[in-house]
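Kindly produce the complete structure, drawing on both the sequences and the hints.
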Amino acid sequence: MDLFGGLLSGFQVVLQPANFLYCFVGVFIGTLIGVLPGIGPIGAMSILLPTTFGVSPVSAIIMLAGIYYGAMYGGSTTSILVNIPGESASVVTCLDGYQMARSGRAGPALGISAFGSFIGGTFSIIALMFVANPLASVALKFGPPEYFSLMCLCLTILIYLAKGSVIKAVIMGLFGLLLSTVGLDLTTGKPRFAFSAATLFDGIGIVPLVMGLFGISEVLTNIEGPLERIIFKSSIKNILPNLDDWKRSAGPITRGSVLGFLLGILPGGGSITSSFVSYTVEKKVSKHPEEFGKGAIEGVAGPETTNNAAAGGAFVPLLVLGIPPNAVMAVLLGALIIQGVAPGPTLINDHPDIFWGVIASMYVGNIMLLVLNLPLIGMWIKVLKVPYGILMPLILLFCLIGAYSLNNNIYDVVIMVIFGIVGYILRKFEYEEAPLVLAFILGPIMETAFRRSLIMSNGKFSIFWTRPISAACLIIAVLLFISTGLSIYRKTKPKMTE
Amino acid sequence: MNKRYDIVPGLFWIGLSIFAMAGSYKLELGDFRDPGAGLMPFLIGAVLFLVSLPIVLKPIFKLKIRNEIPKKTDSGKIDLVKVVSVSGSLFAYCFLLQKLGYLITTTSLLIFLLKTASPRKWRFVIIGSVLTVIVTYLGFTFLGLRFPRGVWGVR
Chain A
1 MDLFGGLLSG
11 FQVVLQPANF
21 LYCFVGVFIG
31 TLIGVLPGIG
41 PIGAMSILLP
51 TTFGVSPVSA
61 IIMLAGIYYG
71 AMYGGSTTSI
81 LVNIPGESAS
91 VVTCLDGYQM
101 ARSGRAGPAL
111 GISAFGSFIG
121 GTFSIIALMF
131 VANPLASVAL
141 KFGPPEYFSL
151 MCLCLTILIY
161 LAKGSVIKAV
171 IMGLFGLLLS
181 TVGLDLTTGK
191 PRFAFSAATL
201 FDGIGIVPLV
211 MGLFGISEVL
221 TNIEGPLERI
231 IFKSSIKNIL
241 PNLDDWKRSA
251 GPITRGSVLG
261 FLLGILPGGG
271 SITSSFVSYT
281 VEKKVSKHPE
291 EFGKGAIEGV
301 AGPETTNNAA
311 AGGAFVPLLV
321 LGIPPNAVMA
331 VLLGALIIQG
341 VAPGPTLIND
351 HPDIFWGVIA
361 SMYVGNIMLL
371 VLNLPLIGMW
381 IKVLKVPYGI
391 LMPLILLFCL
401 IGAYSLNNNI
411 YDVVIMVIFG
421 IVGYILRKFE
431 YEEAPLVLAF
441 ILGPIMETAF
451 RRSLIMSNGK
461 FSIFWTRPIS
471 AACLIIAVLL
481 FISTGLSIYR
491 KTKPKMTE
Chain B
1 MNKRYDIVPG
11 LFWIGLSIFA
21 MAGSYKLELG
31 DFRDPGAGLM
41 PFLIGAVLFL
51 VSLPIVLKPI
61 FKLKIRNEIP
71 KKTDSGKIDL
81 VKVVSVSGSL
91 FAYCFLLQKL
101 GYLITTTSLL
111 IFLLKTASPR
121 KWRFVIIGSV
131 LTVIVTYLGF
141 TFLGLRFPRG
151 VWGVR
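Protein sequence lines, in the order shown, are assigned to chains A and B. Note that the numbering used here has the first sequence beginning at 1, numbered continuously upward. Note that the numbering used here has the second sequence beginning at 1, numbered continuously upward.
One should not assume that every hint holds.
[Said to hold, decoys possible] Restricting the straight-line Cα-Cα distance to at most 35 Å, the calculated cross-link-like pairs of lysine-lysine (DSBU-like) are: (1) A:K382 - B:K115; (2) A:K428 - B:K26; (3) A:K460 - B:K26; (4) A:K247 - A:K287; (5) B:K26 - A:K385; (6) B:K115 - A:K428.
[Claimed, not checked] Computed beta-carbon distance windows for the label pairs: (7) B:R149 - A:L184: 24 to 32 Å; (8) B:K82 - A:A342: 41 to 49 Å; (9) A:G485 - B:A46: 18 to 26 Å; (10) B:L50 - A:F429: 17 to 25 Å; (11) B:R120 - A:I425: 28 to 36 Å; (12) B:R149 - A:G54: 20 to 28 Å; (13) B:F12 - A:G485: 19 to 27 Å.
Calculated directly from the structure, the hints in this document are not laboratory data. All C-beta atoms, glycine included, are put in the ideal place defined by N, C-alpha and C.
Here is the structure:
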């Protein structure tokens with residue numbers, strides 16, 4: 001199927017009334033949870049995952065994807081008006097967005113953020129369309145050793161880009177891999193670490209795990225401090241940026257679109273890292289770097305464009321290689337697997353409706369988001385005023401019902417609560433959950449690839465470095481580890497000599 | 001979190017890695033030509049053990065890898081009582097849901113959570129909880145979800 005034929009069939013899929021409705025529900029919920037601090041896109045997607053079981057795979061993915069990129073739009077509203085990021089990718093928008101609001105320019109800040117998000121999102125969809133097919137043909141040549149090495153590289157990059165301690169990120173990755181081994185061994189059928197509990201024979205469910213780590217633990221973290229927040233009181237007028245605003249934002253939006261797409265593809269890159277990179281780049285190239293942090297519109301336009309472009313870029317490794325580059329995509333991969341769809345290089349040919357349907361839904365979704373975020377901005381500001389004391393019990397209730405509804409099994413709820421507490425404790429000790437979730441999802445695929453490779457090579461590890469693609473992945477992974485090790489050594493050396 | 005507290009999770013990871021290695025050894029490791037069910041978890045456990053060692057050893061040898069400043073919440077104080085009581089209520093919910101059914105257990109949980117979150121009038125809390133439970137019950141039953149009936153036969 002050629003590019004435009006594929007896109008046309010995608011529009012036919014998304015414009016079916018049911019899919020159109022799911023797309024709208026997805027972007028609406030995405031904007032809502034983006035606006036509401038205290039729950040991120042991963043939490044919302046995992047809470048709503050059970051509701052997608054009864055619908056077709058394409059409708060489910062359209063809705064879940066809509067939540068993801070919708071949250072990127074909505075997240076900026078709280079950053080600009082309340083100085084609290086609605087979700088982590090909008091943290092950097094607080095710096096200049098809130099300052100713009102304080103100086104009476106909340107309207108243009110919200111406006112440029114919505115337009116930038118639209119342009120970045122649309123650019124990444126176009127790029128995704130062009131990149132996917134050639135990359136899929138390369139990926140078709142991948143065997144088990146290539147897949148194993150590629151997944152090692154993915155986990156290494158994720159660890160390399162970890163926000164905090166590298167060792168802690170490695171531990172989280174290993175913990176995730178270990179958790180993924182719970183349940184019946186796929187090859188021998190032996191139960192592993194199941195403690196004779198029937199619930200654990202199928203392994204730990206991705207949904208209870210993610211809901212616990214991101215939903216419950218987020219609530220527990222939020223309730224440990226004061227629950228009130230102050231909303232900046234200002235009338236929002238002139239939401240359309242003026243000519244000068246557009247002139248100043250054109251560069252950041254263009255750079256942000258390209259940068260976001262490229263960083264989104266990288267494992268661990270995602271929307272959060274890319275928005276920070278964009279802010280740093282804009283500050284460096286700006287003729288007035290001193291204005292940054294005091295209400296520079298470039299500081300809003302760049303990161304907001306970038307985080308939306310990254311959201312689109314992240315679909316490349318998921319849809320083409322079947323490898324999720326971040327925790328959100330890991331949930332989407334889980335959703336696809338639950339629906340009986342295996343993403344990978346054959347997805348475009350085997351399930352063109354899903355591939356092209358999701359791409360077309362992003363075009364439609366981006367237009368919906370522009371309408372939702374500009375004329376209806378007043379509605380979202382009202383939503384912001386709902387006290388967290390009321391939201392918190394509702395979030396918990398939806399997590400509980402969501403986990404129970406998976407199999408009508410109370411033990412799924414118990415597992416979710418346990419992982420909620422585990423996630424809370426991990427946060428207290430500054431361990432990141434993202435490497436855990438990604439490793440948990442990649443674990444079974446990685447183990448199968450590892451064992452198949454060894455069987456193929458008659459037990460020789462050389463299979464991993466005698467095949468060019470596999471060797472290249474492993475060399476990059478090793479170089480990244482060496483670079484990280486050197487960086488730690490440089491920081492440790494002065495302390496040791498003291 | 002202060003560096004010296006890292007020793008606690010460090011010890012946990014070491015314990016977990018030993019448990020994983022022992023458990024996988026029992027599962028049969030096989031060999032590299034024919035890997036057994038325990039090989040992968042054993043290797044993961046072994047690497048976890050090696051990686052966790054520096055976390056435990058660092059505070060002992062006073063090697064500071066990064067300058068970490070102990071973090072506090074915005075208010076400077078963590079309300080652990082609230083965290084523990086909410087976590088406890090969730091466990092209690094899991095335990096009681098099968099026994100008391102959805103309507104009674106969920107209403108009780110919501111009343112507790114709304115009162116714990118912030119001081120509100122009892123009337124608001126009770127009416128809000130009952131209405132939420134009715135709406136979610138009707139909504140999710142419509143979607144085909146079967147809630148536990150409980151000993152009194154109330155769903």
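Now for the hints, and whether the structure bears them out:
Taking the CA atoms of K382 of chain A and K115 of chain B, the gap is near 23 Å; set against the 35 Å cutoff, the hint holds. About 34 Å separates the Cα atoms of K428 of chain A and K26 of chain B, which keeps this hinted pair within 35 Å; it holds. Annotation: proposed proximity of K460 of chain A to K26 of chain B holds, straight-line Cα distance about 24 Å (limit 35 Å). For a cut-off of 35 Å, the pair hint linking K247 of chain A to K287 of chain A stands: about 13 Å separates their Cα positions.
With a C-alpha separation of about 56 Å, the suggested pairing of K26 of chain B with K385 of chain A is violated against the 35 Å cut-off. Restraint check: the Cα-Cα separation between K115 of chain B and K428 of chain A comes to about 25 Å, which is no more than 35 Å; the hinted pair holds. For R149 of chain B paired with L184 of chain A, a C-beta distance near 31 Å keeps the hint of 24 to 32 Å intact. Our hint of 41 to 49 Å for K82 of chain B and A342 of chain A holds, since their Cβ atoms are close to 43 Å apart.
Checked against the hint of 18 to 26 Å, the pair G485 of chain A and A46 of chain B passes, with Cβ atoms roughly 19 Å apart. About 19 Å separates the C-beta atoms of L50 of chain B and F429 of chain A, a value consistent with the hinted range of 17 to 25 Å. In this structure the hint that R120 of chain B and I425 of chain A lie 28 to 36 Å apart at CB holds, the actual value being about 29 Å. A beta carbon spacing of about 22 Å between R149 of chain B and G54 of chain A agrees with the range 20 to 28 Å that was offered as a hint.
About 24 Å separates the C-beta atoms of F12 of chain B and G485 of chain A, a value consistent with the hinted range of 19 to 27 Å.
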